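Undergrad: In the order they appear, the protein sequences are chains A and B. In short: position in the first sequence from 1, add 62, done, that's the working numbering. In short: position in the second sequence from 1, add 27, done, that's the working numbering.
Just so you know, the hints here were simulated from the structure itself, not pulled from any lab data. There is no bait here: all hints are sound.
With a straight-line Cα cutoff of 35 Å, these simulated DSBU-like cross-link-like pairs (lysine-lysine) come out: (1) K186(B) <-> K70(A); (2) K186(B) <-> K145(B); (3) K106(A) <-> K44(B); (4) K171(B) <-> K106(A); (5) K76(B) <-> K34(B); (6) K44(B) <-> K188(B); (7) K188(B) <-> K114(A); (8) K44(B) <-> K114(A); (9) K88(B) <-> K145(B); (10) K171(B) <-> K70(A); (11) K171(B) <-> K88(B).
What you are looking at is a predicted structure, and each value in this text was computed from that prediction instead of being measured.
In case you want the letters, here they are:
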Amino acid sequence: MNFSELKKILGAEPRSQDPEILSAIESRPEMRAAAEEAEAFEQKLEAAFAIKTPPFLLDQIASIPKVASITPRPRQTRLAWLAAAAVLVAGVGFASYSYYESTFQWDNVDDFIVEHWAQDGSDMLAQADGQTDQGAPALFASFGIEVSPGFAERIDFVHKCKTPGSRGAHVVISTENGPITLIFMPEVDTVNGHILDLGQEVAATLPLESGSAVIIGPSEEAIAPIYTIAREGLRPASVTS
Amino acid sequence: MSNESGKQERFNRLAGKYALDLYRYAMWICGNDALAKDLVQETYLRAWKALDKLKDTGAVKSWLITILRREYARTFERKVPKFSDIDHVVVEEEQELQPDDRTEVRLLREGIADLAPKYREPLLMQVVMGYSCQEIADELEISKSAVMTQLFRAREQLKEKLQEDGVTGKVHELF
Numbered sequence: 063m064n065f066s067e068l069k070k071i072l073g074a075e076p077r078s079q080d081p082e083i084l085s086a087i088e089s090r091p092e093m094r095a096a097a098e099e100a101e102a103f104e105q106k107l108e109a110a111f112a113i114k115t116p117p118f119l120l121d122q123i124a125s126i127p128k129v130a131s132i133t134p135r136p137r138q139t140r141l142a143w144l145a146a147a148a149v150l151v152a153g154v155g156f157a158s159y160s161y162y163e164s165t166f167q168w169d170n171v172d173d174f175i176v177e178h179w180a181q182d183g184s185d186m187l188a189q190a191d192g193q194t195d196q197g198a199p200a201l202f203a204s205f206g207i208e209v210s211p212g213f214a215e216r217i218d219f220v221h222k223c224k225t226p227g228s229r230g231a232h233v234v235i236s237t238e239n240g241p242i243t244l245i246f247m248p249e250v251d252t253v254n255g256h257i258l259d260l261g262q263e264v265a266a267t268l269p270l271e272s273g274s275a276v277i278i279g280p281s282e283e284a285i286a287p288i289y290t291i292a293r294e295g296l297r298p299a300s301v302t303s
Numbered sequence: 028m029s030n031e032s033g034k035q036e037r038f039n040r041l042a043g044k045y046a047l048d049l050y051r052y053a054m055w056i057c058g059n060d061a062l063a064k065d066l067v068q069e070t071y072l073r074a075w076k077a078l079d080k081l082k083d084t085g086a087v088k089s090w091l092i093t094i095l096r097r098e099y100a101r102t103f104e105r106k107v108p109k110f111s112d113i114d115h116v117v118v119e120e121e122q123e124l125q126p127d128d129r130t131e132v133r134l135l136r137e138g139i140a141d142l143a144p145k146y147r148e149p150l151l152m153q154v155v156m157g158y159s160c161q162e163i164a165d166e167l168e169i170s171k172s173a174v175m176t177q178l179f180r181a182r183e184q185l186k187e188k189l190q191e192d193g194v195t196g197k198v199h200e201l202f
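Take the sequences, apply the hints, and build the full model.
TA: Structure, rendered in structure tokens:
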């Protein structure tokens, strides 16, 4: 195998393990240098291809079996996923909601999130600024929810608020990326990682062991850490004998 | 119930193992974050429905890629989406690269986005999905020699891009 032939093969398979090619590489210094250059370029190529994972991708995929069982699959677009999520919420989570229909008037969870955020989002963030709130455990206990100490210590502000089907909790949490909002909805079931664009912010729904939450922040990357912490930190209160 | 939970567990393993690579693959063939997520989700939805038919667990990766490619072809047979999001996509470990390397990587990403699909896709399969040339040939239903030619030309075009943009370095001394 001559130098030109090796270059062509390395251009197609820079990491070939073919014994003939490996032997050719070791046969002369310039062949080995060509292989090293090909490997160096390949590493840059791998770096160029290495796109960061979107924060909620795995959660959205994990929801697929649930969504697949709820509705026939429409043609794919993100609108189709919103429709599927809305069907899931409507079909599974709104039994209690109908009782409160006259008081809490939202057709779906998305409407509630948009309206609640528009009305109260900024005010709650302003009230939370510079605060620490130690009343979260007691407030969540009224919903039958136990707040983990690690989660409770991050809470700047907590306040009861209207949510679909019942009263819930509006929470402001301090993070490295600034304040993040969590709205706890005791009577709502949602899918994992349903994303809602609120303009300056994004919201992501989070099913909990009891009820659901929606987490709101400046970006998916900013709210992703709270997603995990909230799932671990808000659990049904244990019954002690 | 145990069948269903077994199926769920099998599905979760698939999602965990291949989702990121599938997203990267989808992102590089359609160049649009929202569409790439839809493609991946659609792929997994079809995979969930057909999971019981999958007998060869060693063929899962190629099975998923085949579903994704068919879904892409079905969706965009008439109109290829605009390659718009690559510049805004964060590259993993970007901060760990030296400034010169970061420049080269950025230029390479632009070059990859500019590659014709017949060069970009074999390169994607090889670099992102770890396919051999024969596996690429099987997937694309072309000869192995054709695949090798396309891979060689893809890399040559990318190297030319680095040269055109004035990036020099050892990588070009022997070519």
